[in-house]
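There are 2 protein chains.
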Amino acid sequence: MSLSTPTATHTIRAGAFGNGTHLSCRACGAKSELGPFYACMECFGPLEVGYEFPAITRAQIEAGPKNIWRYQPLLPVPVDVASFPNTEPGYTRLIDAGNLARELGLRKLWVKDDSGNPTHSFKDRVVASALSATRELGMKVFACPSTGNLANAVAAAAARAGIRSVVFIPQDLERPKIITTAVYGGTLVAVEGNYDDVNKLASEIAGEEEGWAFVNVNVRPYYSEGSKTLAFEIAEQLGWRIPQQVVIPVASGSQLTKIDKGFTELGKLGLVDATDYKIYGAQATGCSPIAQAFRDGYDVVKPVKPDTIAKSLAIGNPADGPYVLDVARRTGGVIEDVSDEEVIEGIQLLARTEGIFTETAGGVTVATLKKLIETGQLDPDAETVIINSGDGLKTLDAVADRVGPKVTIPASYDAFVKAGLQ
Amino acid sequence: MSLSTPTATHTIRAGAFGNGTHLSCRACGAKSELGPFYACMECFGPLEVGYEFPAITRAQIEAGPKNIWRYQPLLPVPVDVASFPNTEPGYTRLIDAGNLARELGLRKLWVKDDSGNPTHSFKDRVVASALSATRELGMKVFACPSTGNLANAVAAAAARAGIRSVVFIPQDLERPKIITTAVYGGTLVAVEGNYDDVNKLASEIAGEEEGWAFVNVNVRPYYSEGSKTLAFEIAEQLGWRIPQQVVIPVASGSQLTKIDKGFTELGKLGLVDATDYKIYGAQATGCSPIAQAFRDGYDVVKPVKPDTIAKSLAIGNPADGPYVLDVARRTGGVIEDVSDEEVIEGIQLLARTEGIFTETAGGVTVATLKKLIETGQLDPDAETVIINSGDGLKTLDAVADRVGPKVTIPASYDAFVKAGLQ
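Chains as they are written, first to last, in UniProt numbering: chain U, 1 to 422; chain G, 1 to 422.
So here's chain U without its partners, still in its complex pose (with noise of 0.2 Å):
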């Protein structure tokens, strides 16, 4: 298929989108060119990126940076991607979380652990990716609506790329999102209303102004495919196979499902064996419409107003809805949700046995995972990996007032031996 050109000033370069060949879309399959495009011109239903795989090999990955670059190949990215300046996030820890095992009763779990990239949370995987298709759409301004973990992502890499960036927000936000954003020195606009309110006029800006890229609008074909990154890290470190079962937060769903579409390329091109695997997701019950509609055997999802200190995971329209069901249902998981009281225990519990400190996302991750095994949903004994994709530093809040010091003394040894700290 031959490359578009998407503005009367920019042509596209060959192999801008490596292996990426064309856009076809989840809902009726119809193909399309590549380009800035994310809504199927049959039925306007989302599009993704499709591709035509060469042969490729573990020691060619093994051989790239320890960033996500090294999967260069299997992303919509051309193979000089790398040397445009770029975050570099990537190959975080995946951490054997053995304490966090036994205290739960599991054999064996691991926990990919997010918050040790550039902004600290995953947000910077796709963030990096929608930004070499902006570069080689020869679109010009960086953008998204955002109330966290994105805005600070977004205004870091175009910080680093040299590109403008306006990220929008509500109004009302807390003054430390604003603060973290804002440092970077990119347009920071504050706008009169809720996060529904800021992402509308988002998608109205984007539609009427060519050369603005919103990362998780029109470009979001591009932008989701950076956390299948997080699939192909976590088969790698693991000396390259699939682990049995993996529990993933669920806001829009786009992880969820890129992970699983990470996975099955892997098995595809040979990179690993096709051995199964089962997808389990995670929601604050403030904000579950799709574990709501997993329990009623939907295959579409009813919106909701979401309530829940589970800030980044409150999206109560989830793009990704059906797909996360039919991801979840093809592979025999299953998605749950837990109150924010099990949220704030869950950020405890991961801190306390693997000194991890996460945000209210993980803390849903760990809490649903608690539950998925004392519910009998999820096989103790089979290998499982859990997502921590983001930073507890950016949600102090949700324990500040579970946690403090023990104690109090004089400062001399025999208020010490007194407090009974020996």
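Be a bit skeptical, because a hint or two may be false.
When chains are identical, the list treats them as one kind, so a pair holds in a single copy or across two.
Said to hold, decoys possible - Straight-line C-alpha distance at most 20 Å; calculated EDC-like pairs for lysine to aspartate or glutamate:
no., residue 1, residue 2
1, K177, D397
2, K418, E192
3, K371, D196
4, K31, D397
5, K108, E204
6, K66, D340
7, K418, E204
8, K140, D340
9, K200, D276
10, K261, D273
These are computed hints drawn from the structure, not numbers from a lab.
Dock chain G against chain U, hints included.
Chain G in isolation, oriented as in the chain U frame:
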């Protein structure tokens, strides 16, 4: 030299400290056996680990794990150190900082970004090294006095290792710093007094209580060796060579002296060519006793009472002061200091140009780099590396009043256009 028996109940196993063979006094050179010792029996000078290195190859290191344990043969840790649960710090990104280099008029600049460590500061390195010594010495409590990064690192490492931790903090410490330590579930003790009082209490307890390992007090010789891994990683990531100039933040001065030791060891072992390098130190003017001594031509450092926003560097009586002066003078470097206003500008400069959000200590380093260039003390044509030792998420207050939304608009496309955002 034979290995010691530090307690009545514990015998140190052979190879407990890898290729480490003894402790030697940095002041008088007297040698003593490996054990829970930190002050010279002859002159009370500080002890450091001495080695008898076998032949060590690049291939051997490159085959190791992607964390500090790849350098096990160069550290005072056993060959099986990686098999004990630890936070797996190190192998953080070395970022080609082309944007910042251009802005400052430098030919080639790299940022060694240690905010990517598990608890987001370089302290994870030294704590991991101290944890190994604590285990090998049979000590039972992992402890420290701290006001921030070290507290986080100790509490996290202890949680994962399953060892009791006791962290002592001044009672008036800011709430966020309390949360980020207490969440790991160890014992957090608030002490009535300032950091000096807390530190003094820690030394007292270390002297009285057998089996208590205060990482930066009585296991300091092992702890501080962890900082050598910064030098090892920089050299390896540059393709096994030593950069010409390095700018390093200075608190106690330990990190700076150990980076020098690391480069020296690599050269002696033939792992790199022993090329010349200059070591520069960065302090905040409000706590700049070593920079002052450097300017005055003194060999010793006159203690000061700290008054700076760079709290993680605010050590008024730096233990390694004389050794820092020696390294800077011997290598042809400089110790310089910058105002708090420059620190804030430094944080914003690094974020805006490279998408890296550093804590105040990193602001000190960037601002010092700028000042060194402007005053002709650092060669703009020589390849330079700066250390980003920590994360801006931990010191949000430093930039809170400086950054924010450019504009607030109603949630409509018209408002977007009227605000001139196109």
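We went through each hint and held it up to the structure:
{"no.": "1", "hint": "K177 - D397", "result": "both (12 Å within a copy, 12 Å between copies)"}
{"no.": "2", "hint": "K418 - E192", "result": "between (56 Å within a copy, 15 Å between copies)"}
{"no.": "3", "hint": "K371 - D196", "result": "neither (31 Å within a copy, 46 Å between copies)"}
{"no.": "4", "hint": "K31 - D397", "result": "neither (46 Å within a copy, 50 Å between copies)"}
{"no.": "5", "hint": "K108 - E204", "result": "neither (47 Å within a copy, 42 Å between copies)"}
{"no.": "6", "hint": "K66 - D340", "result": "neither (36 Å within a copy, 36 Å between copies)"}
{"no.": "7", "hint": "K418 - E204", "result": "between (66 Å within a copy, 15 Å between copies)"}
{"no.": "8", "hint": "K140 - D340", "result": "neither (40 Å within a copy, 36 Å between copies)"}
{"no.": "9", "hint": "K200 - D276", "result": "neither (39 Å within a copy, 58 Å between copies)"}
{"no.": "10", "hint": "K261 - D273", "result": "within (15 Å within a copy, 46 Å between copies)"}
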